[in-house]
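A.B. asks: Sequence:
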Amino acid sequence: MAHHNLKVLLSVGSWTYSTNFAAALSTPSGQAKFASSATDLVKNLGFDGIDIDWEPLRKAPCRPDEPIHRLLEFPNTAGPGTSFGSVGVGSWEKGIWDYKALPLAGATVHYLPQPLASYSYDEGQQMMVSYDTPQAAHDKAQYIMSKGLGGGMWWESSGDKNGTDSLIATVCPVYDDPHHPLDR
Numbered sequence: 220m221a222h223h224n225l226k227v228l229l230s231v232g233s234w235t236y237s238t239n240f241a242a243a244l245s246t247p248s249g250q251a252k253f254a255s256s257a258t259d260l261v262k263n264l265g266f267d268g269i270d271i272d273w274e275p276l277r278k279a280p281c282r283p284d285e286p287i288h289r290l291l292e293f294p295n296t297a298g299p300g301t302s303f304g305s306v307g308v309g310s311w312e313k314g315i316w317d318y319k320a321l322p323l324a325g326a327t328v329h330y331l332p333q334p335l336a337s338y339s340y341d342e343g344q345q346m347m348v349s350y351d352t353p354q355a356a357h358d359k360a361q362y363i364m365s366k367g368l369g370g371g372m373w374w375e376s377s378g379d380k381n382g383t384d385s386l387i388a389t390v391c392p393v394y395d396d397p398h399h400p401l402d403r
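My numbering puts the first residue of the sequence shown at 220, with every later residue one more than the last.
Hints in this document: simulated from the structure, not taken from any laboratory. Just so it is clear, the structure is predicted and the values come from calculations on it, not from any experiment. Be aware that a few hints might be false.
[What the hints assert, rightly or not] When the alpha-carbon atoms are kept at most 20 Å apart in a straight line, the in silico PhoX-like pairs for lysine-lysine are as follows:
#1 K226 x K262
#2 K226 x K319
#3 K262 x K252
#4 K380 x K319
#5 K359 x K380
#6 K226 x K359
[Claimed, not checked] Label pairs and their computed distance ranges (CB to CB):
#7 S255 x V227: 17 to 23 Å
#8 I387 x I315: 17 to 23 Å
#9 E342 x S365: 31 to 37 Å
#10 Q354 x S255: 39 to 45 Å
#11 A251 x P332: 46 to 52 Å
#12 A320 x G232: 40 to 46 Å
#13 S230 x Q250: 14 to 20 Å
#14 Q361 x K226: 27 to 33 Å
#15 E342 x G369: 36 to 42 Å
#16 S255 x Q344: 45 to 51 Å
#17 L228 x G382: 24 to 30 Å
#18 K252 x S230: 27 to 33 Å
Backbone N, C-alpha and C fix where the C-beta goes; we use that ideal spot for every residue, glycine too.
Generate the whole structure from the sequences, applying the supplied hints.
C.D. replies: Now the structure itself:
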């Protein structure tokens with residue numbers, strides 16, 4: 220096997236589906252059924268584990284109606300050093316863009332090598348969207364390899380692009396290093 224140390228986890232839940240967890244896990248029988256089903260999925264599909272992304276916002280100390288949520292809005296600013304007041308638009312949910320929908324028409328893409336970050340900015344719309352470009356993803360994967368870290372993750376695969384703009388296709392060859400300690 221080329222990647223015998225590669226670990227792949229099944230991720231369930233997320234912001235969109237976390238409300239379903241409360242009902243499913245509210246009783247001991249529901250918890251047992253979930254654990255059994257999750258275990259079966261992991262075993263039957265060949266995953267190495269499971270990531271449960273349960274985000275019960277109604278009981279969290281930083282719900283969207285709390286003042287602290289304004290800190291989460293910073294990525295939706297009209298640019299560095301400018302004020303902002305609400306969650307921005309998105310491709311399927313406010314503030315959330317699929318990579319395949321970016322950059323937006325009229326936006327210019329920028330890459331910052333020092334933090335390994337990229338973003339697009341449309342001066343006319345005064346709209347900034349931070350996201351990983353192939354260059355940022357490639358450089359982050361190289362950083363992971365150079366530090367001997369165990370790997371990285373992305374969210375979520377269906378939002379990727381095809382061809383040379385694919386983040387997955389950009390990152391995977393960087394991890395395919397037979398001289399790296401994790402690939403031996």
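A.B. asks: Which of the listed hints are broken here?
C.D. replies: As far as the earlier hints go, 2, 12, 14 and 18 are violated by this structure, in ascending order.
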